[in-house]
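There are 2 protein chains.
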Amino acid sequence: MLSIFKDYLQKKVAITDEQFSLISDKLKIKTFEKGEMILMKGEVSSHVYFVLDGLLRSYSIDSKGKTHIIQFAPEQWWLSERNGILFNEESEFFLDAIENTKAIVLPKDFISESAKIVPCMYELNSTMLNNAIRFMHRRINMLLSATAEERYLNFITLYPNLTLRVPQWMIASYLGITPESLSRVRKDLAHKHFKP
Amino acid sequence: MLSIFKDYLQKKVAITDEQFSLISDKLKIKTFEKGEMILMKGEVSSHVYFVLDGLLRSYSIDSKGKTHIIQFAPEQWWLSERNGILFNEESEFFLDAIENTKAIVLPKDFISESAKIVPCMYELNSTMLNNAIRFMHRRINMLLSATAEERYLNFITLYPNLTLRVPQWMIASYLGITPESLSRVRKDLAHKHFKP
DNA sequence: TTGCTTTCTTATCATAGGTCAATGCCGGGG
DNA sequence: CCCCGGCATTGACCTATGATAAGAAAGCAA
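So the protein lines, in turn, are chains Y and F.
Under the working numbering, the letters of the first sequence match residues 1 to 196, in that order.
Under the working numbering, the letters of the second sequence match residues 1 to 196, in that order.
No lab work stands behind these hints: they were computed from the structure.
Heads up, some of the hints might be wrong.
Since the list can't tell identical chains apart, any single copy or any two copies may satisfy a pair.
[As the list claims (entries may be wrong)] Pairs of lysine-lysine, DSSO-like flavour, derived with a Cα cap of 30 angstroms:
#1 192 with 64
#2 26 with 108
#3 12 with 41
#4 102 with 192
#5 28 with 108
#6 34 with 66
#7 102 with 26
#8 187 with 12
#9 108 with 6
#10 187 with 102
#11 187 with 66
#12 12 with 108
#13 28 with 6
#14 116 with 26
#15 116 with 6
#16 11 with 108
#17 26 with 6
#18 30 with 12
#19 64 with 26
Sequences are here, hints too, so could you generate the full structure?
In structure tokens form, the structure reads like this:
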């Protein structure tokens, strides 16, 4: 199972099998049941997760009890809670498992520790973080400018995979609209494609 | 002027004056006039900006010609365009100057180059990027869950400084609402505070 | 100062999307 | 096999915010 992570790393940076075995002793694999909580709001997180199989998410719950999905983390994605990682502060978000999931649990200093052995880990880290920022810029732009329909179309082309695995109310929650609205959008789209 | 940047670095990481002088020869200071374009959508960016004095922004323009502000960068903030930095790809966003601005222009490999001399630059980089992600998670959460009024109140408490320096239509654009709506929100808030 | 441009406010009207409530549809547990 | 609880759909209605237009105010340049 760890070999998935090794393959992932080797695709990104030049790291030998020996180097990997040196850093991989810090890694643990953990299994989460569908629906299982990983981190509650208010707790202090000290781990980063790399999803091997399954699907995790981070989300908030607002004052009216509605949930808002900040991020999906399917296979080969990272999930972490930055308040804890950076400053030992309490989390603003919840983390849980949408599907039965196997994930690698990395201690928060994993990157800096392993970079002492494999310097290129820093490059990897930088690339990953910059990429995350790039994606979030796009998402913010979408939230600022797009209609419900545009958001949904963007989502299904960007994440066709997730579209099938995730219940619609979660997609709605990720897009910032209600499940009812999403249902209407889908209905309209279906009509458009029938009589063009 | 470069000393501002030195002070900034020394506040964040342990870097000596000598070390700074070793890495600072790659740095240029550039002045931008109010309204001056820094990067057009479609261009390939290869620089990162650190604002010494003034105010920069990144934004998009949608199909109806409306602008959406992705980020403000006042003093001591970073501004960069990740498509270019990471993959030499074309920018999705525009960068320009809201005020007359002095900024340090860093070549895109500045961090990795200077880390060869001052290893702790990697830690700085990681902290900065993680922090940016943390802020954007909050912003996404706000865009998903908050009303126009809540967004505005959040903005003025978070950036009281910007609230005064930036025209209201830009704040509206950052919040994802129209200038007219923001004007209404402000009117309502004023009423609330008169008769509590 | 004068005049021009940009920004802000206000009012009216339009609408996308939210809310509420009812119904129907699975799919899994017993 | 049946029942139940989570999803999805739909319709009726409502509201926050967008669109449009016009005028007032505030900068700013000459």
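Verification of the hints:
In this homomeric assembly, residue 192 and residue 64 come within 30 angstroms of each other (Cα to Cα) only across copies, at 22 angstroms, whereas the closest approach inside a single copy is 35 angstroms. Taking the closest pair of Cα atoms, residue 26 and residue 108 come within 30 angstroms of each other only inside a single copy of the chain (11 angstroms); across copies the shortest separation is 32 angstroms, beyond that limit. For a Cα distance limit of 30 angstroms, the shortest separation of residue 12 from residue 41 across copies, 28 angstroms, qualifies, whereas the shortest one inside one copy, 32 angstroms, does not. Taking identical chains as interchangeable, the C-alpha atoms of residue 102 and residue 192 are never at most 30 angstroms apart, the minima being 40 angstroms within one chain and 51 angstroms between chains.
In this homomeric assembly, residue 28 and residue 108 come within 30 angstroms of each other (Cα to Cα) only inside a single copy, at 13 angstroms, whereas the closest approach across copies is 35 angstroms. Proximity of residue 34 to residue 66 under the C-alpha cut-off of 30 angstroms is restricted to the intra-copy arrangement: shortest distance 20 angstroms within a copy versus 42 angstroms between copies. For the identical chains of this complex, residue 102 and residue 26 are intra-copy neighbours only, at 16 angstroms inside a copy versus 45 angstroms across copies, given an alpha-carbon limit of 30 angstroms. For the homomeric pair residue 187 and residue 12, neither the shortest alpha-carbon distance inside one copy (41 angstroms) nor that between copies (53 angstroms) is at most 30 angstroms.
For a Cα distance limit of 30 angstroms, the shortest separation of residue 108 from residue 6 qualifies both inside one copy, at 18 angstroms, and across copies, at 28 angstroms. Within a single copy, residue 187 and residue 102 get their C-alpha atoms no closer than 35 angstroms, and across copies no closer than 52 angstroms, so neither meets the 30 angstroms cut-off. In the homo-oligomer, the alpha carbons of residue 187 and residue 66 lie at most 30 angstroms apart both inside one protomer (24 angstroms) and across protomers (28 angstroms), since each shortest distance falls under that limit. With identical chains, the CA atoms of residue 12 and residue 108 are at most 30 angstroms apart both within one copy (20 angstroms) and between copies (19 angstroms).
For the homomeric pair residue 28 and residue 6, the shortest alpha-carbon distance inside one copy (13 angstroms) is at most 30 angstroms, but the shortest distance between copies (40 angstroms) is not. When the C-alpha separation of residue 116 and residue 26 is checked against a cutoff of 30 angstroms, the pair qualifies both within a copy, at 14 angstroms, and between copies, at 26 angstroms. In this homomeric assembly, residue 116 and residue 6 come within 30 angstroms of each other (Cα to Cα) both inside a single copy, at 18 angstroms, and across copies, at 26 angstroms. Taking the shortest Cα distances, residue 11 and residue 108 sit within 30 angstroms of each other both inside one copy (22 angstroms) and across copies (23 angstroms).
Proximity of residue 26 to residue 6 under the C-alpha cut-off of 30 angstroms is restricted to the intra-copy arrangement: shortest distance 13 angstroms within a copy versus 36 angstroms between copies. Only within a single protomer do residue 30 and residue 12 lie at most 30 angstroms apart by alpha-carbon distance; the minimum there is 23 angstroms, versus 35 angstroms between protomers. When the C-alpha separation of residue 64 and residue 26 is checked against a cutoff of 30 angstroms, the pair qualifies neither within a copy, at 41 angstroms, nor between copies, at 52 angstroms.
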